[in-house]
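Participant: Listed here are the chains, written in short residue letters.
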Amino acid sequence: MPDVFVADDDKQKSENSNQKAESNQKVRVGEKVVMRPRDERDYSEVLRNTPTTTNPLAAFVVRPKNLKFETQDSEEKILLLLRKHPITNVPWMIWAGIALLAPLGLSIVPLFSFMPERFQFITVVFWYVLVLGFILEQFLNWYFNVYVITDERILDFDFYSLIYKRVSEMRLDKIEDVTFEMSGVVRNIFNFGTVFIQSAGEAREFEFEDTPLPQKVVKLLNELQMEEQQEAIEGRVR
Amino acid sequence: MELIELLPIDPAWLWLGLKLVYLFGVGLYVVFAIVVYRQAVMMLAALNGALELPIKLVALTHLGIAVLMFLLVVVVL
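Residue numbers (the numbering used here), protein chains in the order written: chain A, 1 to 238; chain B, 239 to 315.
What the hints contain is simulated information worked out from the structure, not anything from laboratory work. Hints should not be assumed to be uniformly reliable.
Derived CB-CB ranges, DEER-like [said to hold, decoys possible]:
no., chain 1, residue 1, chain 2, residue 2, range
1, A, LEU100, B, VAL268, 20 to 26 Å
2, B, VAL268, A, SER74, 38 to 44 Å
3, A, GLU176, B, LEU291, 29 to 35 Å
4, B, ALA250, A, LEU130, 23 to 29 Å
5, A, ASP158, B, GLY255, 41 to 47 Å
6, B, LEU289, A, LEU100, 21 to 27 Å
7, B, LEU261, A, ALA99, 21 to 27 Å
8, B, VAL313, A, GLU76, 23 to 29 Å
9, A, TRP92, B, LEU289, 18 to 24 Å
10, A, ILE108, B, ILE272, 32 to 38 Å
11, A, ILE94, B, LEU291, 48 to 54 Å
12, B, VAL313, A, SER74, 50 to 56 Å
Residues of chain A clear of chain B, computed beta-carbon distances all greater than 12 Å [claimed, not checked]:
no., residue
13, ASN49
14, ASP73
15, GLU75
16, ASN89
17, ALA96
18, LEU104
19, LEU132
20, ARG153
21, ARG171
22, ASP173
23, GLU176
24, PHE190
25, GLN229
26, GLU231
Covered by chain A, per the in silico footprint, the following chain B stretches (three or more residues, Cβ under 8 Å) [to be verified]:
no., segment
27, 265 to 273
28, 301 to 311
We put the CB at the ideal spot given by N, CA and C, even for glycine.
For reference, chain A alone in the conformation it holds in the complex (with noise of 0.2 Å):
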């Protein structure tokens, strides 16, 4: 006689162990029963098949490490931070590079010859100084204007000159619509382009200019989306 109970047996496991993963992902919060979060690898194509990196100057860097923000909740994962694309410092790099080559020609016209010549020397070594401090300028200015996406808020954080800071936020939940431009030759063949993120609140819209990948961010804030409602209905916690 053939044994019927084998499968139930079958059954009966995969019960089990569906009931084991589900209970791990419950809490007791007070006297309600809630589901915790998912992991992002679990609900995000982007954060699962796009590779991590270490260099510090990369411009789209996924789930960066060593990585804080003063107004970061404990609970918080940064899981994007976005810079420009790093092309976009091509034109300052440019004339920086005229700029430290520009004292070769005054052998060809020599504009200050009309000084003494330690006059001369100081004027030359403070155009270099002038120089360096502009490439500084120009880099800080680059590695600090970033956009960072978390599991909760998309943040922009803007230096506008050497004393103004300015940092918006948007929690995902209030975004309503994400849209991302590319055009232009340049943008094209780099893949950079700005993404746009309206909301219904004070802050109605975000740009993210000139940001690499940007399909992929878009991709990400969507189901960044999705998983809010999901744990909306679900009723799970942070």
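Chain A is fixed; fit chain B onto it per the hints.
Facilitator: Just chain B now, with coordinates in the frame of chain A:
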């Protein structure tokens, strides 16, 4: 240089005036270098990552170079 000797003022006073202009300009640059250092510190407080120490060192070095420049102007000119 010959044109300068034709001027009605003593060239020594002219170069002293120019030295004061240079001192003022480099002095302003020292203030700028201090602000750049403060900017770097403020930015690192807002968002710190792997390059925290190198950026602080570069900003401090830039400030040191600016101060040395000022001293160079005082001594050389």
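Participant: If a hint holds in the structure, say so; if it does not, say that too.
Facilitator: Hints, verified against the model:
no.	hint	verdict
1	A/LEU100 / B/VAL268: 20 to 26 Å	holds, 22 Å
2	B/VAL268 / A/SER74: 38 to 44 Å	holds, 41 Å
3	A/GLU176 / B/LEU291: 29 to 35 Å	violated, 41 Å
4	B/ALA250 / A/LEU130: 23 to 29 Å	holds, 28 Å
5	A/ASP158 / B/GLY255: 41 to 47 Å	holds, 42 Å
6	B/LEU289 / A/LEU100: 21 to 27 Å	holds, 23 Å
7	B/LEU261 / A/ALA99: 21 to 27 Å	holds, 23 Å
8	B/VAL313 / A/GLU76: 23 to 29 Å	violated, 53 Å
9	A/TRP92 / B/LEU289: 18 to 24 Å	holds, 19 Å
10	A/ILE108 / B/ILE272: 32 to 38 Å	holds, 36 Å
11	A/ILE94 / B/LEU291: 48 to 54 Å	violated, 30 Å
12	B/VAL313 / A/SER74: 50 to 56 Å	holds, 53 Å
13	ASN49	holds, 24 Å
14	ASP73	holds, 15 Å
15	GLU75	holds, 19 Å
16	ASN89	holds, 16 Å
17	ALA96	holds, 14 Å
18	LEU104	holds, 21 Å
19	LEU132	violated, 7 Å
20	ARG153	holds, 15 Å
21	ARG171	holds, 19 Å
22	ASP173	holds, 24 Å
23	GLU176	holds, 27 Å
24	PHE190	holds, 23 Å
25	GLN229	holds, 29 Å
26	GLU231	holds, 27 Å
27	265 to 273	holds (count 4)
28	301 to 311	holds (count 5)
Consistency note: the structure conflicts with the earlier hints numbered 3, 8, 11, 19.
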